[in-house]
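Which chain is which? The protein sequence lines are G, B and W, in order.
Quick note, the first sequence lines up with residues 1 to 164 if you use full-length UniProt numbering.
Quick note, the second sequence lines up with residues 1 to 319 if you use full-length UniProt numbering.
Quick note, the third sequence lines up with residues 1 to 146 if you use full-length UniProt numbering.
Honestly, the hints are just simulated from the structure, not real lab data.
Remember, it's a predicted structure, so these values are computed and weren't measured experimentally.
Be careful, since some hints might not be right.
In silico BS3-like links for lysine-lysine, alpha-carbon gap of 30 angstroms or less [unchecked claim]:
1) K65/W <-> K43/B
2) K121/G <-> K6/W
3) K9/W <-> K121/G
4) K124/G <-> K48/W
5) K72/G <-> K131/W
6) K102/G <-> K131/W
7) K52/B <-> K131/W
8) K131/W <-> K124/G
9) K65/W <-> K124/G
10) K43/B <-> K6/W
11) K9/W <-> K69/G
12) K89/W <-> K43/B
13) K6/W <-> K52/B
14) K148/G <-> K131/W
15) K131/W <-> K86/G
16) K69/G <-> K121/G
17) K102/G <-> K48/W
18) K43/B <-> K9/W
Covered stretches of chain W (chain B as the covering partner; in silico rule of three or more C-beta atoms under 8 angstroms from a C-beta of chain B) [stated by the list, open to error]:
19) 2 to 9
20) 54 to 66
21) 82 to 95
Derived Cβ-Cβ restraints for the label pairs, each shown as a range [as the list claims (entries may be wrong)]:
22) K48/W <-> P77/G: 19 to 29 angstroms
23) R68/W <-> A48/B: 23 to 33 angstroms
24) P85/G <-> R68/W: 30 to 40 angstroms
25) P85/G <-> V59/B: 43 to 53 angstroms
26) R68/W <-> S53/G: 13 to 23 angstroms
27) R145/G <-> E8/B: 17 to 27 angstroms
28) S2/W <-> S53/G: 45 to 55 angstroms
In this text, a Cβ means the ideal position worked out from N, Cα and C, and glycines have one as well.
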Amino acid sequence: MAPSGRRTSTSRLIGYGAALTIAIGTTAWLLWNSSKDEDKDMRATNTSQLYKSKCIIVTNSASDSPNIKWAKILADPNVVLIIPPKVEFPQSAYENHVVDSKDIYKIIHCNTMAGVWACVKSLKKDELVLNSNDLGENVPVDIVRYVKHISNVEDMTSVLDEVE
Amino acid sequence: MECSICIEPIIIKSSTQEKDQIYDTVGELLPCHHKFHSDCIRKWHSFATDLKCPICRTVSLSMSLIYNYKMWYEKRVDIDLNKGFLVGNIIEYDNMMTSTRETEPDALVAHVVMTEDITNESPVLSRMFQTILNIDDMNDDDSEKDVEEEEGILDSLREEHNTLLCRICGDDTVENNGDADHRCYNCNARYHESCLHSTASEIGESDTWQQCIECRSLTQRIKGNRRFRIVNNTNTDELDKIRSTKRKIQEHVRKILKQYYGTGSSVHLTGEQFTKINQTVSRSLYSMSRNEYQTKIDYDYQAKQKVLHELHKLGYTSV
Amino acid sequence: MSRLIKEYKTINAQDDILLFPETADNLNNWTAMITGPPNTPYEGHDFKLYISIPDAYPNSPPMVKFHREAMPHVNVNYETGEICLDILKGEWSPVYNLLYTVQSIERLLSEPNADSPLNLELGILMREGDKTAYDSLVRYYLQRQK
Chain G
1 MAPSGRRTST
11 SRLIGYGAAL
21 TIAIGTTAWL
31 LWNSSKDEDK
41 DMRATNTSQL
51 YKSKCIIVTN
61 SASDSPNIKW
71 AKILADPNVV
81 LIIPPKVEFP
91 QSAYENHVVD
101 SKDIYKIIHC
111 NTMAGVWACV
121 KSLKKDELVL
131 NSNDLGENVP
141 VDIVRYVKHI
151 SNVEDMTSVL
161 DEVE
Chain B
1 MECSICIEPI
11 IIKSSTQEKD
21 QIYDTVGELL
31 PCHHKFHSDC
41 IRKWHSFATD
51 LKCPICRTVS
61 LSMSLIYNYK
71 MWYEKRVDID
81 LNKGFLVGNI
91 IEYDNMMTST
101 RETEPDALVA
111 HVVMTEDITN
121 ESPVLSRMFQ
131 TILNIDDMND
141 DDSEKDVEEE
151 EGILDSLREE
161 HNTLLCRICG
171 DDTVENNGDA
181 DHRCYNCNAR
191 YHESCLHSTA
201 SEIGESDTWQ
211 QCIECRSLTQ
221 RIKGNRRFRI
231 VNNTNTDELD
241 KIRSTKRKIQ
251 EHVRKILKQY
261 YGTGSSVHLT
271 GEQFTKINQT
281 VSRSLYSMSR
291 NEYQTKIDYD
301 YQAKQKVLHE
311 LHKLGYTSV
Chain W
1 MSRLIKEYKT
11 INAQDDILLF
21 PETADNLNNW
31 TAMITGPPNT
41 PYEGHDFKLY
51 ISIPDAYPNS
61 PPMVKFHREA
71 MPHVNVNYET
81 GEICLDILKG
91 EWSPVYNLLY
101 TVQSIERLLS
111 EPNADSPLNL
121 ELGILMREGD
131 KTAYDSLVRY
141 YLQRQK
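Only chain G is shown next, with the shape it has when bound in the complex (with noise of 0.2 angstroms):
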């Protein structure tokens, strides 16, 4: 029964917030979920029904881990992933960063910070996916205006095996 108390929960926010309040308590909801590890799959069959497109915003973490499937991850029409200065990708070390080359276009590499900021309100993603520690600075405030939720992970590759 508990799960579906929290379900319910959710819709009621839903039903009464405005976006910025949705965005805010989702984000919340999922960070205090996010410490359980029982309720992993639970979440994941959430996320994924309400946000149907994501962008990825690639750091050193998710780039040098060798485990994530990204040519599976790229397959999916509504993935697109941002590439920040710095980072390195595809990285053709990892057998799989191997990308297939119609798919190539979905990744976009940027030369500043702003324009990685740019690029995500010019995509209007459902979700954006990022790893703030990481990226070594703060979301923009703004950024809620353009997205419908921001999952800001420790660990890139948990988040990233439910897109599979």
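Fit chains B and W to the supplied structure of chain G, relying on the hints for placement.
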């Protein structure tokens, strides 16, 4: 040469062209000297937000109108581009003048019809009017002098006409029925009341709408000041009356003058002297008649006196 | 209207430009195809332009648009296809013609102007001088449409 606005050729006078050619009126922008059909460039000016040349973007300070009429010379009239849109009206007016001139020389006068007592109200116009009448008869030898004089008259007419155009919209103030005329008592500029209003509100000075755009003096509404009207070639009664008066007076003058011309005469006048005296005397008699043949006047006597006076001036004191 | 007929005849004589009235008996609506210039993210793509001629042409400029959501460019409104180009507005001159207009728009693809952005994000990328991001993002939009 081609007009780059309508991409049609501009036809101007050249030695190779036939005499019957109709020439375009050309507008030449200054200082850049780019040429267009005058209609094309003025139409553009009414759309444009500035006075830049469409070809080179140089700001135009003025425009020369180049006319090429059949037997006339190329003639330039400088237009101040900042003074509203007068050009279209001048061209229209001139076309009207020349088109009738081609069909029937006498019809030149048909456009200017007095609606009020000209001798009292408008002495300048009256004089101009009489000159035209006389010139028509003097045109027998079609001398250069006559052409020049005729041009001079057209110029004055044009000037006279322009003073009656609204300085804001460029339209005829007297022709616009129902709209009050405004006149600046300082510089004599004319305006439509509605034009003054809309300009004032555009520049955000609706309190001072009555001020003259050119000199900032107060304008005043004028009524019933239609000194002359430009009409189509229709008022034939009036015209016939003028023509017959002119003809009758001419008969008297020629009758007298012929006595002193040719073989058997004690006086030896050249053709030019004959024409000159004819012109002067006719004009004087016409002025005396107040544009209408007067039965009370003994024209033979008057003509003889005046002809003798002219002959005396030429040194024939014994006649 | 005779000026448009004259333009129609000269354009017909040229083979290398695709500019034609939508129907031969109505010269008020034209279509043009421009090719993405080489060494730009637009290379390899063709773009359709919709041109409508106002009554006052050539004293008023032609109205030109891209197809909606087809042109990611700093001077084009992506949603509507509206173009911000000086000669289509205040800098229009009646000596310009449709061919020149289309060529100017083609030139705009290789020479974007950051001063008058209709696409705000691309405007930021240009002002930041992030050409890599600008080109990547443009390529993303163009490829996505295919």
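So, going through the hints one by one against the coordinates:
| no. | hint | result |
| --- | --- | --- |
| 1 | K65/W <-> K43/B | holds, 26 angstroms |
| 2 | K121/G <-> K6/W | violated, 47 angstroms |
| 3 | K9/W <-> K121/G | violated, 46 angstroms |
| 4 | K124/G <-> K48/W | holds, 26 angstroms |
| 5 | K72/G <-> K131/W | holds, 28 angstroms |
| 6 | K102/G <-> K131/W | holds, 22 angstroms |
| 7 | K52/B <-> K131/W | violated, 36 angstroms |
| 8 | K131/W <-> K124/G | holds, 20 angstroms |
| 9 | K65/W <-> K124/G | holds, 24 angstroms |
| 10 | K43/B <-> K6/W | holds, 20 angstroms |
| 11 | K9/W <-> K69/G | violated, 58 angstroms |
| 12 | K89/W <-> K43/B | holds, 17 angstroms |
| 13 | K6/W <-> K52/B | holds, 25 angstroms |
| 14 | K148/G <-> K131/W | holds, 28 angstroms |
| 15 | K131/W <-> K86/G | holds, 15 angstroms |
| 16 | K69/G <-> K121/G | holds, 26 angstroms |
| 17 | K102/G <-> K48/W | holds, 24 angstroms |
| 18 | K43/B <-> K9/W | holds, 25 angstroms |
| 19 | 2 to 9 | holds (count 4) |
| 20 | 54 to 66 | holds (count 4) |
| 21 | 82 to 95 | holds (count 4) |
| 22 | K48/W <-> P77/G: 19 to 29 angstroms | holds, 24 angstroms |
| 23 | R68/W <-> A48/B: 23 to 33 angstroms | holds, 31 angstroms |
| 24 | P85/G <-> R68/W: 30 to 40 angstroms | holds, 33 angstroms |
| 25 | P85/G <-> V59/B: 43 to 53 angstroms | holds, 48 angstroms |
| 26 | R68/W <-> S53/G: 13 to 23 angstroms | holds, 20 angstroms |
| 27 | R145/G <-> E8/B: 17 to 27 angstroms | violated, 56 angstroms |
| 28 | S2/W <-> S53/G: 45 to 55 angstroms | holds, 53 angstroms |
In summary, the structure is inconsistent with hints 2, 3, 7, 11, 27 from the numbered list given earlier, while agreeing with the others.
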